[in-house]
Amino acid sequence: MTKLVKSIREVIELCGLKDGMTVSFHHHLRNGDHVLNLVMAEIAELGLKDIFVNASSLFDVHTPLGEHIKNHVVTGIGADYISAGLGRAISRGIMEKPVEFRTHGGRPADMARGSSPVDVAFVAAPTADPMGNCTGKIGKSACGSLGYAFADAMYAKKVVVITDNLVPYPLEGFSISEDFVDYVVQVDAIGDPKGIVSGTTRITRDPVGLVMAETAARVIDASGLLTDGFSFQTGAGGATLAAAKFLKEIMLKKGVKGSFGLGGITAYLVDMLRAGCFERLLDVQCFDLDAVESLRTDPRHQEISAMHYASPVAKSAAVNSLDVVLLGATEIDCDFNVNVHTDSQGSIMGGSGGHSDTAAGAKLSMIIAPMFRARLPIITDRVTCISTPGKDVDVLVTQGGIAVNPRRADLRDRLLDAGLNVVDIRELKEKTERITGTPRALPRGDRVVAKVISRDGDVLDEIYSIPEMK
Amino acid sequence: MRRSMLFLPGNNPNMLINAAVLGADAVIFDLEDAVSPAEKDAARILVRNTMRYMDLSGCERIVRINSVDTAFWQKDLLAILPEKPDLILLPKTGSAEDVLLAERFMDEAEESLGLEKGAVGLMPLIETALGVENAFAIASATPRVKALFLGAEDLTADLQCKRTKESREIEYARTRLVVAARAAGVDVYDTPFTDVNDDEGIELDALTAKGLGFTGKASISPRHVEVINRVFTPTLEEIDYAYEVMDAIEEAKRQGKGAIALYGKMIDAPIVARAERTIAMAKALGLERRA
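Top to bottom, those sequences are chains W and X.
Per my numbering, numbering through the first sequence is continuous, rising by one, with the last residue being 1243.
Per my numbering, numbering through the second sequence is continuous, rising by one, with the last residue being 365.
If you are wondering where the hints come from, they were derived from the structure by calculation, not from laboratory data.
By construction, the Cβ of each residue, glycine as well, lies at the ideal position given by its N, Cα and C atoms.
Honestly, I wouldn't trust all of these hints.
[Stated by the list, open to error] Chain X is nowhere near these chain W residues, computed Cβ spacing over 10 Å in every case: (1) Lys779; (2) Arg782; (3) Gly849; (4) Gly858; (5) Pro890; (6) Lys1027; (7) Val1029; (8) Phe1145; (9) Gly1163; (10) Asp1190; (11) Asp1219.
[Unchecked claim] Simulated pairs of lysine-lysine, DSS-like, Cα-Cα distance not exceeding 30 Å: (12) Lys357/X with Lys1026/W; (13) Lys776/W with Lys822/W; (14) Lys1224/W with Lys931/W; (15) Lys239/X with Lys1204/W; (16) Lys158/X with Lys1204/W; (17) Lys191/X with Lys149/X; (18) Lys1018/W with Lys1164/W; (19) Lys284/X with Lys1026/W; (20) Lys239/X with Lys1018/W; (21) Lys776/W with Lys843/W; (22) Lys913/W with Lys822/W; (23) Lys1018/W with Lys284/X.
Extracted from the complex, chain W is given alone in its bound form:
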C-alpha cells in the first residue's frame, strides 16, 4: 500500500472534492505558508466552485484567496484570526456569505460537535514519512508545534499531509500519526522559513509599553496567584511580552516555582522554563526559532493539540488549569467586553485566536492596552465587536491606571492593598477623553461581513462592512 500521491491536483481528485465542500488548513507556517495557496490554486484550476475554506488563521500571504472569492471558487470562510490585508477586503464586502470567526478552542469543538464538518484537511507538515506520520519539529520549514492541525486530522473525512521533507518510515517522534492520514504529497517547499517564524521576538522599547508591562507584573504579584504551581500565558505582542520579563524577575526574586507556561510559545517563555520559573511548557504553536528549538530538544516542552489547549467540549483543557493570562485589545468597553477583531475603522484585522478561550479559563484574565493609540481612545461605551465577553475579563492595565471588573471586588481589594493605582473604568475613559476628545461614532456599512461564534457555538456578535471612503 502506498499513500504517496504525485501532485496536489491528483490528491484533490482522489479525495473526491466537489463543489460546495469544505477544505481545512492550519496556520503554523503563518505568513510563510505556501500550502493554502498551492491547494486553492489547484482547486481553482480544476474548476471547482462554492468551496468553504476552514483555516485556523489566515495571513496576508493568503491574499490570493481574494481572487478565488471573486471567481466564486471560495464562497465561505471560517477562521480564528484574519490579518489586516485580507481582513480589509472582507470588511469591504468581497464575500457574499459572512465569514465565520471561531476561537482556537471553539474550532476543534465545532468539528467534534459536527457543526463544522470538514471534507478534506490539508496538513502542512515540515517532515513526514510516506505513511503520513508527521511533525513540525524538524525539516527546512520547521515550525515546531502542529497543535491546531490535530483536530483537522481527527475529524476531516479525508486527510492529506503535504510535506517538503519526506523521510523513511517510520518517522521518529511524530506529532500526527498515520492512522488519521489518507494521502501524502511531497512538494518543493511548504513555506518560506522567513515568514514562518518571526526569528526572534523582541520586547517593546516603547517607554509607555514598559510602564504597562511592569504594572501588569505587579498586578500578578498582588493577585495572590503567584505561588508555587503558578501557571501563565502571554501573547507575543510588545507589552505582554515585556510583562513576562518583569514577571520572571519577580518569580526569581521570590523563588516561586511555577507549574506551566501555556499557549503560543516565545523565546521568553522558553527562557522562563530554563530559569526554573516553570516545570513545563504546553505548546500549541511556536512563535519563534528559540521555541522551535526548545520543543525539539527539551522534554519539558510539550506539544499539545488545540483540543487539549482550549476546547470547551474536551473532558478537560489546559486553559481551565491556567492561573493568569495576559491579553491585548483594540477596544474595551465599560462592561469590559473586548474587541480584538476590528481596528479603529471597524475593519477586520485579527480575531480571537485563544483570547476568549483563555479569558474564560484563567483565574485572572488581564488586558494590557494603552489609554489611546494614535489619539483614539481604547475605552469605549460599547466595543465595535465583542470578541471576548466582559464577564470573562478581570482587569484592564493602562499607563493611566488599573481598572478592575466590578465582578472581582476581591481582586480590587488586593490591588489596593498593594498600593496599586486602581481606578474606575469610566473615570479612566473620561481621563482619556480629556486628552483625546470624544470620537464620533464609527460609521458602518449595512452588511454583516462576519459572525463571531463563541467557544460554546453561539453567535456572540456580528461584524458589519465598512462604508466606502468618500
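Once you've looked at the hints, dock chain X against the given chain W.
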C-alpha cells in the same frame, strides 16, 4: 524632591502626553536642542498646551528654554511663565550676567502678565568651561536660582575632549559644581548618561553622582528613570541612621548636653541637617524606619 529629571522633546506629542506616567520626579520639556529652528514655534505651543491641559500630578514641570543668545528665549518665557512651571532650565549659562538678564526679563514678564513676582525659579545649565569657572557666581546671582545643572555633552565639546563612559574628563566640573552649589545653598543635578542600552553603566554613573553630592540626575531615556530613582532614594540603613541621629539629639536636649556622640562620632549641625533631609525624603516616598 527631584531624584530624576527626564528630558522630553517639546515637539513629540506622544511623549508629552505620557509625561506623567514615566516615573520621573520631574520632566524637562525641551524647547532647545531637541527642537529644530523651524519647529520652535510649534514646540512652544505644544509644551504650553501640555502644561495647561495635562494633569501631571506628582511630577514637577521644568522647561528648558532656548539660550539667551538666541532669538527664541524671550518668546519661550512669555509662553511658558503663565503655566507656572516649577523651574526654568537656562541653557549655556556662562556667567551671573546671563542669569540676571533672564531674571530681568522674567521680572518684567511677570509684571506685564499679572503673575506672582519671582514665583518661578531658575536652574542654570552649566555646559561651558566659562560656566564651570563661574559656577559659584552663577549659583549665588539671585534667589531665583534654585539649582545648578551640569551638561557634560556640550561641556566636553568646549573642553575639546572626548566624552567617555568613565567620565574622567568631567570629574573637575562635577566636583566644582557640587561645591559651588552647596556653597550657594542650592541643589545640583548631574548630566544624563547617554547610552540608553547600558543598564550597568547608568547605575554606576548614578552612584558616582550620588557619591559626589549631587541632589539627583537627569536622563534622556525613560529607561534610566527607575535606576536613578533607586540610587537617589535613601537606603533603609540611611533612614535608620537619620532617625537615630534625631533620637540622639532629643536625648542630648533632655540631658541638657550641648554635644552628643553616636557610634563614637560627634553629631553636629550638618549631620542633623542631612538626617532631616533624609527623613523628609523617606516620608515623601512612604519609607519607614525599621523596627
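Taking the hints in turn, this is what the structure says about them:
1. Lys779: For lysine 779/W, whose nearest Cβ neighbour in chain X is about 54 Å away, the distance exceeds 10 Å, so it holds.
2. Arg782: At about 52 Å from chain X, arginine 782/W clears the 10 Å cut-off, so the statement holds.
3. Gly849: Check passes; 42 Å lies beyond 10 Å.
4. Gly858: Fine: 26 Å to the nearest Cβ keeps glycine 858/W off the interface.
5. Pro890: 49 Å, holds
6. Lys1027: 19 Å, holds
7. Val1029: 22 Å, holds
8. Phe1145: Non-interface label on phenylalanine 1145/W violated, nearest chain X Cβ at 8 Å vs cutoff 10 Å.
9. Gly1163: Per Cβ check, glycine 1163/W is outside 10 Å of chain X; nearest 25 Å; holds.
10. Asp1190: Aspartate 1190/W clear of chain X: closest Cβ-Cβ about 14 Å, beyond 10 Å.
11. Asp1219: Non-interface label on aspartate 1219/W holds, nearest chain X Cβ at 36 Å vs cutoff 10 Å.
12. Lys357/X with Lys1026/W: 26 Å, holds
13. Lys776/W with Lys822/W: 27 Å, holds
14. Lys1224/W with Lys931/W: OK: lysine 1224/W and lysine 931/W at ~27 Å, within 30 Å.
15. Lys239/X with Lys1204/W: 41 Å, violated
16. Lys158/X with Lys1204/W: OK: lysine 158/X and lysine 1204/W at ~22 Å, within 30 Å.
17. Lys191/X with Lys149/X: 18 Å, holds
18. Lys1018/W with Lys1164/W: 28 Å, holds
19. Lys284/X with Lys1026/W: Answer holds: lysine 284/X to lysine 1026/W is near 26 Å, not above 30 Å.
20. Lys239/X with Lys1018/W: 27 Å, holds
21. Lys776/W with Lys843/W: 34 Å, violated
22. Lys913/W with Lys822/W: Violated, at about 34 Å.
23. Lys1018/W with Lys284/X: 29 Å, holds
Comparing the model with each earlier hint shows violations of hints 8, 15, 21, 22; every other hint is respected.
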